[in-house]
Every structure is written in structure tokens, then in C-alpha cells.
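Please construct the entire structure, taking both the sequences and the accompanying hints into account.
Okay, here's what each chain looks like letter by letter:
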Amino acid sequence: MNLAEFLGMGGYAVYVWPSFGLTLILLIHNVRAARRYHASAREQAMRRIDSSRKQP
Amino acid sequence: MQTSLTQAMALTYRGDLVLAFRRWEQIAQPVVFFTMVTTLVPLALSPELGELREIAGGVLWIAALLAALLGLEFMYRADHADGTLEQMLLSGQPLAWLVLPKTAAHWTASGLPLVLVSPLLAISLGVPTDALWTLMISLALGTGILSALGAIGAALTLGLRRGSVLLSLLVLPLAMPALIFGARAVDMAIHGEVARGPLLLLGAMFVLSLTLSPVAVSAALRISQE
Amino acid sequence: MNWTWFHKLASPPHFYRLAGRMTPWFGWPAFLLIAVGLYGGLVLAPPDYQQGDAFRIVYVHAPSAWMSMFVYATMATASAIGLVWRIKLAHAVAAAAAPIGAWFAFAALTTGSLWGKPMWGTWWVWDARLTSELILLFLYLGFIALRASIDDRGRADRACAVLAIVGVINLPIIHYSVNWWNTLHQGSTVTKFDKPSMPFDMLWPLLAMLLGFTLYFGAVLLTRLRGEVIRRERDASWLREELAR
Numbered sequence: 001m002n003l004a005e006f007l008g009m010g011g012y013a014v015y016v017w018p019s020f021g022l023t024l025i026l027l028i029h030n031v032r033a034a035r036r037y038h039a040s041a042r043e044q045a046m047r048r049i050d051s052s053r054k055q056p
Numbered sequence: 001m002q003t004s005l006t007q008a009m010a011l012t013y014r015g016d017l018v019l020a021f022r023r024w025e026q027i028a029q030p031v032v033f034f035t036m037v038t039t040l041v042p043l044a045l046s047p048e049l050g051e052l053r054e055i056a057g058g059v060l061w062i063a064a065l066l067a068a069l070l071g072l073e074f075m076y077r078a079d080h081a082d083g084t085l086e087q088m089l090l091s092g093q094p095l096a097w098l099v100l101p102k103t104a105a106h107w108t109a110s111g112l113p114l115v116l117v118s119p120l121l122a123i124s125l126g127v128p129t130d131a132l133w134t135l136m137i138s139l140a141l142g143t144g145i146l147s148a149l150g151a152i153g154a155a156l157t158l159g160l161r162r163g164s165v166l167l168s169l170l171v172l173p174l175a176m177p178a179l180i181f182g183a184r185a186v187d188m189a190i191h192g193e194v195a196r197g198p199l200l201l202l203g204a205m206f207v208l209s210l211t212l213s214p215v216a217v218s219a220a221l222r223i224s225q226e
Numbered sequence: 001m002n003w004t005w006f007h008k009l010a011s012p013p014h015f016y017r018l019a020g021r022m023t024p025w026f027g028w029p030a031f032l033l034i035a036v037g038l039y040g041g042l043v044l045a046p047p048d049y050q051q052g053d054a055f056r057i058v059y060v061h062a063p064s065a066w067m068s069m070f071v072y073a074t075m076a077t078a079s080a081i082g083l084v085w086r087i088k089l090a091h092a093v094a095a096a097a098a099p100i101g102a103w104f105a106f107a108a109l110t111t112g113s114l115w116g117k118p119m120w121g122t123w124w125v126w127d128a129r130l131t132s133e134l135i136l137l138f139l140y141l142g143f144i145a146l147r148a149s150i151d152d153r154g155r156a157d158r159a160c161a162v163l164a165i166v167g168v169i170n171l172p173i174i175h176y177s178v179n180w181w182n183t184l185h186q187g188s189t190v191t192k193f194d195k196p197s198m199p200f201d202m203l204w205p206l207l208a209m210l211l212g213f214t215l216y217f218g219a220v221l222l223t224r225l226r227g228e229v230i231r232r233e234r235d236a237s238w239l240r241e242e243l244a245r
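Chains as they are written, first to last, in our numbering: chain A, 1 to 56; chain B, 1 to 226; chain C, 1 to 245.
Hints are computed from structural coordinates only; laboratory data are not their basis.
Don't take every hint at face value.
Covered stretches of chain C (chain A as the covering partner; in silico rule of three or more C-beta atoms under 8 Å from a C-beta of chain A) [unchecked claim]:
| hint | segment |
| --- | --- |
| 1 | 33-42 |
| 2 | 110-118 |
| 3 | 232-240 |
A few chain A residues that face chain C, going by a derived Cβ cut-off under 8 Å, partial list only [unchecked claim]:
| hint | residue |
| --- | --- |
| 4 | LEU27 |
| 5 | ARG48 |
| 6 | SER51 |
Ideal Cβ placement from N, Cα and C applies to all residues, glycine included.
Set out below in C-alpha cells:
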């Protein structure tokens, strides 16, 4: 099976590839969003700790 | 003298009804809304009674559902504002039982008027008179289910800003099964069939929501009151 | 039986560290399984007799749908644990899981629609499964909206917990009633998505994807949870030491 046939997906390419593409995008997005959520939580917490240290 | 539970329940029911009937607009609003939405359909789709008859079941049910949603946010709002709710929680009576007459009073003031008005609206949509009883029974059960489920939403969203929009968002998915069978029942009656199946299922849902909702409502009320 | 390990789990600092250590053990196997499943589903599996290559959408559609329900069950269970045993971490689990589950539901609906178009001829069909999946998405959105509307975290946790539990009771009712409705209003086509026996070379990539998605959820949930724990424990002393590391 060559590349052209594979990409063509038997004529259903316009349905198959967006499906897989969308799912992959969502999978990646959720990972990044979770990481960002964690990182921003750490950032905020560090800032609080720093500012509370500065106050005597 | 200690108030017994049944006395407390009866007092709650009567008290709520008295308050509700003092504010006529609050009872009239859902009815007017129901009427107006039903009127929108022939204006927007088609004035042919033959065509309207085919969709009347769904139209009446959707309009009634939306109209019933209108009054839900007021269920606990006044009590929350004037401290009555706190008294209910502190009263020593089991809260889940006290919640039941409140739901019943809400239905009497909000759902029952819709049921009573529905035959007139149904006729305007070409529904044959034979189907009217089924319509009223299905709506009675349906608005009852909505009062029970809506009470949960009202308790959860108590005191929140934009609470009414959120309330609809929360309650509508829960009400969808009732809508499916209720509209189906009316549809069957319009076409001359006996709608036993859907009505029985509707009845089952009604019993289920009536028994389980007070538990959820009392939990939600305690949470909202902290 | 020594239950110390269980009680330690509910302790935020202990859980935070444990979650951090466990995440790669979920993440990497998930990545591998999904990669292998994708290759198996897109390349190795033969095209379907009736649906041709369009059937391959099942390899993303079925796992998404399965996860959307699994995550909701997780949310509801965590909510119940949080309410009954008053474990704040359980509420954090529900809060962290919700957006992930909502995206899975969205993915299930969109891939289902993309699969439906070539198979049924329309982008949307009020098929029982699609409809109840749509309602599931509404339940997720309601949960997320309620949480966002309540400022007090404790009240938000408990209110959302009640909502999640009410929703889970309603889920089988919805699916059952929509199934009945679909049967009552049965159209001309009978959808045949029951897989009585899939040939193995089509089945194994699906199993790989299902397991991969589940482990993926574990990894993402743990990461989000660590974020949740930090936000909830903002003023706790253990946090200072932990972040200083």
C-alpha cells in the first residue's frame, strides 16, 4: 500500500483524518493544559511564599 | 408544645401557598409565558391545524417545561433572604421531610396552573379533545418531576449571581427523559392510541424523583447555607 | 489489615509527592499504547467489508466515548467519597477530572458525527447513543459551570458533588429512555454498531487504544491534581518545603 492510498483512506479521507487529527489535538491539549495548570499553581504559590517572607 | 412533623409539613405547605397567591404575577408569569411560546409556533411554522397537530405534543411539552423553569429560582430565594431557611435547618425537624411540602407548594402554584391552561392551548394547536386527558395527566406528572428536580437545582444555585441561567443549564438535562416520554404520550393520544407505556414510565419517573429529590435538596440546602 | 497507606493518600503532601512519582508510569505506557494502537488501527488493520476505511474512526471514537463515561463515573465516585468521608482530596479529583471528561465527550460527539456522515448520510442523527452522549456533555458543562459560579471552594466542592451524584443516577435513565425513544421513532435505517465479534486484527488496536486512553487519563489527572492540591493548600507549611526542593 503506497502513501497516496494510505492518505486517501479509500475515499473517506475527509472524515478519517480530521477525526484522528482532532482527537490528537485534544489529547495534546489536555496534557499541556494540565501542565500549565500545575505550573501556574506553583508560580502563584512561590510568589505568595516570597512576598510573605519579605514581610517581617 | 412540640410541633409534630406532619404539622410542620402542613404549615409549610399552607404558608408557601399563601405567600405564592399573594404575588399573583409570579403565578401568572409562567402561564403567560406558556401561552406566548405556544403562540409563537403557528406564527413561525404554519397556521395549518393539520400540520400543527403533528408537532403539538412536543411543542406543548417544551413550552410547559420552559415555563415551569421560570419559577424555579424563587423556590428558596425568599426563605434564604429573610432567614426562614436557617430556621428550617435549625428546627430539629428532618430537613428532607420539610422540603417535600415546599416542592408540593411550588408545583401547586406553578405546575398546576400550566396543566389547567394546557387544554385551551392544545385545542388551538389542533389537538383532538380525546387527547386532552392524556395531555393533562402527562403534564401534571411532568411538571411534578420538574418541581422535584428543579428544587435540587434551586437549592444548589441559591444566592449565586446569574443563578437562573445556571439553574436552567443544570435542570434541563435531568428533565430530558421526562420530555421524551411526555411528548410521546401526547403524540400517541393525538393519533388515537392509548399512551399507557409512556404514561406509566412518566409515573415511575415521578415517583423516583419525588422520593430521591428531597434527600438531594436537603443536602444542597445545608451546603448553600454555610 | 493496615490501612495507614490509605489514610496517607488523603494527606496532601504525601499525595502530591506520590502523584509526581506515578505520573511517568502512567504517561509513558499511555504514549506507547496509543502510538501502537494508532499504527495498528490506521495501517495494519484491514479495511472493513462494509465500511471500508471509514471504520477506522472507531479507533478514536470508541475510546473517547468510553473515557467520557469512565471519567464521569470517576467524578461521581470521588464526589461521593468526598461528601461522605469529607476528604477534600476527593473533591479535588472530581474538579480535576471534569474538563478532561468534557473534552472526551466532545471528541466522541465530533468523531461520531464525522463517522456518521459517510455511513448514514447526515452529520447528525438523533441516535440513542449520540443523544445521550450529548446530554452527558451538558452534564459535564453544568458541573464545570456550577464550580465556576461559587467562590467559596468548600461550598463549590460540596455543591458540585451533589450535582455529580444526581447526574450519575440520571445517566442510565437518560440512556435507557433515549434508547426507547429511538426505538419508538425508529427510522428506516437500523444502525449496526454492535460488534458481535470483531476479527482479532481489527480488535487488538482498539484494545490498545482503550487501555492507552485510560492510562493517559491517569497521567493527565495526576498532573492536574497536583495543580489542584497546590491551589488548595496555598498557605500550608509543607508547601514551602516542597516547592523549595
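**Asked** Is the shortest C-beta separation between ARG48 (chain A) and chain C less than 8 Å?
**Response** holds, 6 Å
Hinted contact LEU27 (chain A) with chain C - closest CB pair below 8 Å | holds, 7 Å
Quiz prompt | Restraint check, 8 Å cut-off on beta carbons, for SER51 (chain A) near chain C | solution = violated, 12 Å
For the segment 33-42 of chain C, do at least 3 residues have a Cβ located nearer than 8 Å to some Cβ of chain A? holds (count 3)
**Asked** Counting residues of the segment 110-118 of chain C that have a beta-carbon nearer than 8 Å to any beta-carbon of chain A, does the count reach 3?
**Response** n = 6 at 8 Å, threshold three: holds.
**Item:** Residues of the segment 232-240 of chain C with Cβ under 8 Å from chain A, three needed, outcome
**Value:** holds (count 4)
Consistency note: the structure conflicts with earlier hint 6 alone.
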